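Place chain E on chain X using the hints.
Chain residues, written in single-letter form:
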Amino acid sequence: MTATPAKVPETADEPTPGSAPTAKPAKVPHGHQRLLTRRDRLTLGLMAGVPTILHVALVWLTALASIALAFTTWDGIGFDSIRWVGLQNFRELFTNNPQFWPAVEHNVIWFVVLIVLPTPFGLFLAVQLDKKIRFSRVYQTAFFLPVVVSMAVIGFVWQLVYNPDTGLINSLIGANKPGHYIDWIGDPDLNLWAILVAASWRHAGYMMILYLAGLKSVDPALREASALDGANEWQTFKNVVFPTLRPTNTVVLVVTIIEALRAFDLVFVFNKGAQGTELLSILVTNNIIGESSRIGYGSAIAVVLLVISLAVIIPYLIATFRKERRA
Amino acid sequence: MSTVVGAHKQRTPIRPARVLLHTFLVLTALAWLAPLLWALLAAMRPYGETSEKGYVSWPDKLTFDNFTNAFTQSDMLHYFGTTLIVAVPAVLLTLVLSSMVAFYVSRFDFRVNLALLLVFTAGNLLPQQVIITPLYRLYLLIDLPGITMSGKLYDSALGLVLIHVAFQSGFCAFVLSNYMRSLPHELTEAALVDGASVWRLYWQIVLPLCKPAMAALATLLSIWIYNDFFWAIVLISTGENMPITSALNNLSGQYFTDPNLVAAGALLTAIPTLIVYFVLQRQFVSGLTLGANKG
Numbered sequence: 001m002t003a004t005p006a007k008v009p010e011t012a013d014e015p016t017p018g019s020a021p022t023a024k025p026a027k028v029p030h031g032h033q034r035l036l037t038r039r040d041r042l043t044l045g046l047m048a049g050v051p052t053i054l055h056v057a058l059v060w061l062t063a064l065a066s067i068a069l070a071f072t073t074w075d076g077i078g079f080d081s082i083r084w085v086g087l088q089n090f091r092e093l094f095t096n097n098p099q100f101w102p103a104v105e106h107n108v109i110w111f112v113v114l115i116v117l118p119t120p121f122g123l124f125l126a127v128q129l130d131k132k133i134r135f136s137r138v139y140q141t142a143f144f145l146p147v148v149v150s151m152a153v154i155g156f157v158w159q160l161v162y163n164p165d166t167g168l169i170n171s172l173i174g175a176n177k178p179g180h181y182i183d184w185i186g187d188p189d190l191n192l193w194a195i196l197v198a199a200s201w202r203h204a205g206y207m208m209i210l211y212l213a214g215l216k217s218v219d220p221a222l223r224e225a226s227a228l229d230g231a232n233e234w235q236t237f238k239n240v241v242f243p244t245l246r247p248t249n250t251v252v253l254v255v256t257i258i259e260a261l262r263a264f265d266l267v268f269v270f271n272k273g274a275q276g277t278e279l280l281s282i283l284v285t286n287n288i289i290g291e292s293s294r295i296g297y298g299s300a301i302a303v304v305l306l307v308i309s310l311a312v313i314i315p316y317l318i319a320t321f322r323k324e325r326r327a
Numbered sequence: 001m002s003t004v005v006g007a008h009k010q011r012t013p014i015r016p017a018r019v020l021l022h023t024f025l026v027l028t029a030l031a032w033l034a035p036l037l038w039a040l041l042a043a044m045r046p047y048g049e050t051s052e053k054g055y056v057s058w059p060d061k062l063t064f065d066n067f068t069n070a071f072t073q074s075d076m077l078h079y080f081g082t083t084l085i086v087a088v089p090a091v092l093l094t095l096v097l098s099s100m101v102a103f104y105v106s107r108f109d110f111r112v113n114l115a116l117l118l119v120f121t122a123g124n125l126l127p128q129q130v131i132i133t134p135l136y137r138l139y140l141l142i143d144l145p146g147i148t149m150s151g152k153l154y155d156s157a158l159g160l161v162l163i164h165v166a167f168q169s170g171f172c173a174f175v176l177s178n179y180m181r182s183l184p185h186e187l188t189e190a191a192l193v194d195g196a197s198v199w200r201l202y203w204q205i206v207l208p209l210c211k212p213a214m215a216a217l218a219t220l221l222s223i224w225i226y227n228d229f230f231w232a233i234v235l236i237s238t239g240e241n242m243p244i245t246s247a248l249n250n251l252s253g254q255y256f257t258d259p260n261l262v263a264a265g266a267l268l269t270a271i272p273t274l275i276v277y278f279v280l281q282r283q284f285v286s287g288l289t290l291g292a293n294k295g
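Read top to bottom, the protein sequences are chains X and E.
So the first sequence is numbered by our numbering: it starts at 1 and just counts up by one.
So the second sequence is numbered by our numbering: it starts at 1 and just counts up by one.
Rather than coming from a laboratory, the hints here were simulated on the basis of the structure.
Predicted, not measured: the structure shown is a model, and the values here were computed from it.
Some hints here could point you the wrong way.
In silico SDA-like cross-links for lysine to any residue, where the CA-CA straight-line distance does not exceed 20 Å [claimed, not checked]:
(1) Lys-61/E with Thr-166/X
(2) Lys-131/X with Leu-20/E
(3) Lys-131/X with Pro-243/X
(4) Lys-216/X with Phe-90/X
(5) Lys-53/E with Arg-137/X
(6) Lys-323/X with Asp-109/E
Here are some of the chain E residues that sit facing chain X, going by a computed Cβ distance under 7 Å [as the list claims (entries may be wrong)]:
(7) Trp-32
(8) Trp-38
(9) Leu-40
(10) Tyr-104
(11) Leu-135
(12) Ser-197
(13) Phe-229
(14) Thr-245
In this text, a Cβ means the ideal position worked out from N, Cα and C, and glycines have one as well.
One chain only, chain X, in its complex shape:
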C-alpha cells in the first residue's frame, strides 16, 4: 500500500520462450496425476487449500460482505441492529452526499494527471537511460528512490516543501510572510494539485522502471534495420520501438488506474482528505476510523470502488490469461 503500490503481473504479457514446451498443448493430462498416491493428493490439497482459504476469507468474502452491508444500515453495535434498506445508501450517496461526487472527480483527475504527465515522462526517461550511457545506474537510482520510500514518508517530506511558513517553495518565492501566505495544503483550490505533484514525482520513477524492462525486450535487430533504412531517432521510436511496447503499455495503464483508485496514504498524511482532496478511499476510511460509524453507507462507497476496480481488473486478467494459454 501499500501504499501498497499497485503490483501487476507483468509476466503474462511476455510469455517466456522457455514456458512454451511445458504449457499444456492439449487437454491430455500430464503423467503426474496418474502417479499420485492418496497421501500426495492430501498434501496437494492442503498446500493449495490453506493459502486459498486465507486469501478467500480475508479478501473475497470481505468484499462480498461489503456488497451485502451496502444494502443495510448498521451502527456496528450488535448484529440485531443491522437493517435492510435496499438501495437507500446508494440513493443518498449519489444525490445527497456533498463529498461523493467531488471524490469521484478527484479520483478521475488523479488518474488523468498520472497518465498524462508522469507516465510519458517515465517513458522518456527510460528511453534516454536505455541508450547505454555512463552513470545510467546513478540516474536510475535518483529517479527510482521515491518508489522505494513509504508513501506516508513521502507525504511528510512534501509537507516540508509545501509548508506555508517554513516550506521550500514559499521560502524561495518569498510567500512565507504573514499576509502573503500561499497555503498549498489548506487552500481547496490548490491542495489537490500540490499532492498530485508529489504523486507524479513518485509515479514517474515507477513507470520508468516498467518501461526500462519493456525496452530491454525490444529486439536490437529491429532498431538496426530501422537505422539502416535511414530513420532518425524519433521515427525509429515512433514506428519501431513504441509499437513493440504494447504489452508494457497495457500493464502501465492498468497499474495507473489502480494506483488512482488506491490513492490514500499521501492524502491522509497531508490533510486527511479534508476540503479539496476528498477521494473515495478516504471517504470509506473516514466511516471506520472517524467518530461516526455508518457502516452501510461506507460499504456503499466501497462497492462503487469495487465495481470500478473490477471493470478494469477482469478484462485485463481475461486478456492476460488467454494469451498465456495460447503460449
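Below, chain E alone, put in the same frame as chain X:
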C-alpha cells in the same frame, strides 16, 4: 577521455547530443532528489537557527542532533521492533504459502488451476478500502484471549500479519507460478516415477530452483510490508503497537511545532528501506519487472 570516444567513433552518436543528454539527466536527477535533500538539510539544522534565519539560508553548522532526538524522544527503536514482529513472519509466510499455491497450479493439471490463479491475482489488484469495513468488523469479532495482547485479532500484530499474507500472496502466487512453469516438466516427472512424494518434489526439487524469484519477491515484500500505512492505521488502535510508518503519523502530531525534528523522524523511518534497496537493488528491480525480462 576524448581519445577513448574517438576510438569508438562509429559506435557512439555525435558527442554534443550526449553532453546535452547528460546535462539534462543530471539536472533532472537533482530536481528529483531535491525534496529529499531539502528534508535532509532541514533535519540537520537546529530549530532555533532556522526560525531565526529562515529556512533558505546558509547553515551555520550541521548536526545530527535532530536525528538523535527523534530517535530517543520518540522511542523509534521500539517501533522498528513492532515493525519487525509484523514484517518478518509476514514475508516468510507469504513466500511459503504462495509458493505452495504456485506449485499446485503450475505443476499439475487440475481443472481449478486457472480459476484459482485468477482469484489470487484479482484479489491482489483490489483497492484495500474495498474490503476494509467488513475486515475491521471481523477483526473486532474474533476473540483470541491469551494469544494476542488485545485479546482480539483487532489491534494485534497477528492480525496485520494475516492480512498482509492474504493480500500479498496473490501477487507472489502469480509470479511464482509463471516461474515454476518455465522449469522443465521432466525434472519432477522423473522424481515422481522414482516414487518421490509430492512434498519432496516441492521442497527439494522445485523450491531450490526458485531461489532467484523468491529472493526478488522477498526484497519487494519486505519493502512493501515495511512501508504499509493503511492496514496499520485502521487495524491497530494502540499507538504502542503501531508499525513505524503509521507511528510516524502520531509522532508528527506530537512534534508539529518543530518541522526539523519531524524531517529527521521521517528520514530515519525511510533508512531501512533505503538500505534494503541499495544492497539488493538488483533483486528489487527484477522483482518489480519479474518475467518482463525473464526474472
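Hints, verified against the model:
no. : hint                     : result
1   : Lys-61/E with Thr-166/X  : holds (18 Å)
2   : Lys-131/X with Leu-20/E  : holds (13 Å)
3   : Lys-131/X with Pro-243/X : holds (18 Å)
4   : Lys-216/X with Phe-90/X  : violated (47 Å)
5   : Lys-53/E with Arg-137/X  : violated (38 Å)
6   : Lys-323/X with Asp-109/E : holds (18 Å)
7   : Trp-32                   : holds (5 Å)
8   : Trp-38                   : holds (5 Å)
9   : Leu-40                   : violated (10 Å)
10  : Tyr-104                  : holds (4 Å)
11  : Leu-135                  : holds (5 Å)
12  : Ser-197                  : holds (6 Å)
13  : Phe-229                  : holds (4 Å)
14  : Thr-245                  : holds (5 Å)
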